[in-house]
Amino acid sequence: TARPLAEPAPPLMLSVDMREGKLISPDPQLAGRGPAAAVPLAKRLGVRELLVTDLARVGRGSGPSLGAVAQIAGALPGVAIYAAGGVRHEDDLRALESAGATGALVATSLHERRLRP
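In this text, residue positions in the sequence shown follow the working numbering: the first is 1, and each later residue adds one.
Heads up, a few of these hints could be off.
Pair by pair, the computed Cβ-Cβ distance ranges are [what the hints assert, rightly or not]:
no.: 1; residue 1: His89; residue 2: Pro28; range: 36 to 46 Å
no.: 2; residue 1: Arg113; residue 2: Ala75; range: 31 to 41 Å
no.: 3; residue 1: His111; residue 2: Leu30; range: 29 to 39 Å
no.: 4; residue 1: Ala80; residue 2: Pro40; range: 17 to 27 Å
no.: 5; residue 1: Gly103; residue 2: Ala75; range: 13 to 23 Å
no.: 6; residue 1: Gln29; residue 2: Thr108; range: 29 to 39 Å
no.: 7; residue 1: Ala80; residue 2: Arg19; range: 35 to 45 Å
no.: 8; residue 1: Pro117; residue 2: Ala31; range: 32 to 42 Å
no.: 9; residue 1: Glu97; residue 2: Pro28; range: 30 to 40 Å
no.: 10; residue 1: Leu110; residue 2: Pro28; range: 28 to 38 Å
None of these hints come from the bench; they were simulated from the model. None of the values given here were measured: they were computed from a predicted structure. A virtual CB, placed ideally from N, CA and C, is assigned to each residue, including glycine.
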């Protein structure tokens, strides 16, 4: 059944996808720009959680996009920021926390046992 229009929408988690620090988007006003360009959209949507992923870093063990996380976290106080891509070890997790991340999505480093749950 359809939800009544007066009922609030469920909270959104916005995914900010990048490749080598540049936004991936069908919107020409966002595509190819830096991560901070996604901030106005996040504010307009009222997101409470945001996932920052640099697809060029996924599975590569090249380190996370600390600058992107710091830019977005600094511009969106009160929004939970999660990072994905490039996390190698616990030092990366600490660096992400210092950059303003609430958490991180990790896979390869767990599979390769560089991180333990």
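Hint check results:
no., hint, in the structure
1, His89 - Pro28: 36 to 46 Å, "38 Å, holds"
2, Arg113 - Ala75: 31 to 41 Å, "36 Å, holds"
3, His111 - Leu30: 29 to 39 Å, "32 Å, holds"
4, Ala80 - Pro40: 17 to 27 Å, "18 Å, holds"
5, Gly103 - Ala75: 13 to 23 Å, "18 Å, holds"
6, Gln29 - Thr108: 29 to 39 Å, "33 Å, holds"
7, Ala80 - Arg19: 35 to 45 Å, "23 Å, violated"
8, Pro117 - Ala31: 32 to 42 Å, "36 Å, holds"
9, Glu97 - Pro28: 30 to 40 Å, "34 Å, holds"
10, Leu110 - Pro28: 28 to 38 Å, "37 Å, holds"
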